Amino acid sequence: MTTTPSSHTASLRMLSNTQIATLKGLIFCLCLVPLALLASAFFRDALGANPIETITHATGDWTLRFLLITLAVTPLRKLTHWHWLVRLRRMLGLYAFFYGTLHLATYLVLDQFFDWNAVVLDVLKRPYITVGFSAFVLMVPLAVTSTNAMIRRLGGRRWQALHRSVYAIAILGVLHFWWLVKADVFEPLIYALILAVLLSLRAWWREQERRRQQSAPPPLATGRSRIIPILPR
Amino acid sequence: MLIKRAADIRSSEITAPALYADRRRFLRLAGAGAATLALGGPGQLLAAQARDLGPLAKSPFSTPEELTPLKDVTRYNNFYEFGTDKADPAQYAHRMKTEPWTVKVEGLVAKPRSFDLDQLYKIAPLEERIYRLRCVEAWSMVVPWVGFPLAALLKAVEPLGSAKYVEFVSLYDPKVMNTRPVLDWPYREGLRLDEAMHPLTLMAVGLYGEVLPNQNGAPLRLVVPWKYGFKSAKSIVTIRLTDKQPNTSWNDAGPSEYGFYSNVNPDVDHPRWSQAKERRIGEFLKRKTLPFNGYAEQVASLYAGMDLRKNF
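Protein chains in written order, with the numbering used here: chain A, 2 to 234; chain B, 563 to 874.
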């Protein structure tokens, strides 16, 4: 019994810093593939009859996908015990912001061509644009406070509280998609279901944690500050 | 302003870029067809392609605007029976069999009857009509349709005095279509009788001088150029004259979003997006949308005295 599935999994549980750095580099490049494909299609004149629509949809799709991938990190880490996954989370979240920025820029520059009047009316009057725009605005502080220095400056708890707005952002993002389709909600439904699973897992774990803490003997006065639940009330 | 107008070359005489790019396949098909004929086969393979639209009369209703390239007209379609992605119809609509085809014209008419394609082609001389097409999604094209006025078909069945509306029913065949419950199938559309009888209202059987590609609504579709594109029902199997305003698929799906009239109107926004501007396919900057899609001179009088904000 030299190699078993469990020992294989165990090896994935513990990655060296070099391994993590390599993985991070690989994933960094992988995350640029959607953009590279768009650029390549652009230069091959393969974006279809309505290239601006194609770019808008692709960047929007990838914003949502990266949001969901980012939100999948914690559940995946809990299920697999691959704790190093958390070290990819910031990069994935920043990619969501990156594609979101491209999505917004496509709308402002290519679609509306700086017709600010039309943009303001859109944001105010079109619910799907209102929620999409709100989601983007909410992403900005998360991107700005993503650096180590900002985490230190804010302190772990406040930083975590702020970054919990990613749940709202993801919900608004899916709503943005849902409200823009004319009749066929099949695709937005898939995103909504995945998001529902990711959020339900958290709610369920939080409930488990609450029950565990309730049934546990009352914590020592000194020990209290050491317990930092992942999802406190 | 420079207005380009090809005076003498019919657009059907120009090899469309997509066809040109596809010439090898065409040659293969032609070869296969010839082989079939040589073997005494029925030559069914090229039947649809071989249907000759004959000499096409020019129409004073044609716009001199630059045509949208054939590849865009035939690869960027809303034909939800074949999927909701714009590229789906071009990919899947070939499964639909368009010959033989019959269209029933029934309801409040003196002479209800069915027409096969040969009969339809003889209803009136086929014309080329270059129309603007404005989609409710705020994009537009310029398409050289081939067809005949719907009025000619309706006159052939002699509408009764009680007939006030015309209902159009599209083919619904789950065996060849992608049947997700997106709309209440079959696709249904409708016009008021005076709209249906208007000389601009066309029954199209072709585009770019050739038989309609399936994804564009072969073998017979409606074209109402002053209304949003979804009013122009594709692949029609039944035309029914009624005294009541017929239910229409999009109106049923979203009564506050898709009105019965759905005249192109830059002043009445779709609840979820502005209709003030449109992107002409192939252009970068959006252009202003015109009332009745630029056909106000011909059709505005149909709606005299109506509140077009209420009757959107």
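Hints were generated in silico from the structure; no laboratory data involved.
Given the structure is predicted, the values throughout are model-derived calculations rather than measurements.
Just to be clear, a hint being listed does not mean it is correct.
Said to hold, decoys possible - If you want the footprint, here are the derived chain B segments under chain A, 3+ residues with CB under 8 Å:
no., stretch
1, 614-623
2, 641-653
3, 842-852
4, 866-874
Backbone N, C-alpha and C fix where the C-beta goes; we use that ideal spot for every residue, glycine too.
Against the structure, the hints come out as follows:
| no. | hint | result |
| --- | --- | --- |
| 1 | 614-623 | violated (count 0) |
| 2 | 641-653 | holds (count 4) |
| 3 | 842-852 | holds (count 5) |
| 4 | 866-874 | violated (count 0) |
Hint violations for this structure: numbers 1 and 4, all remaining hints satisfied.
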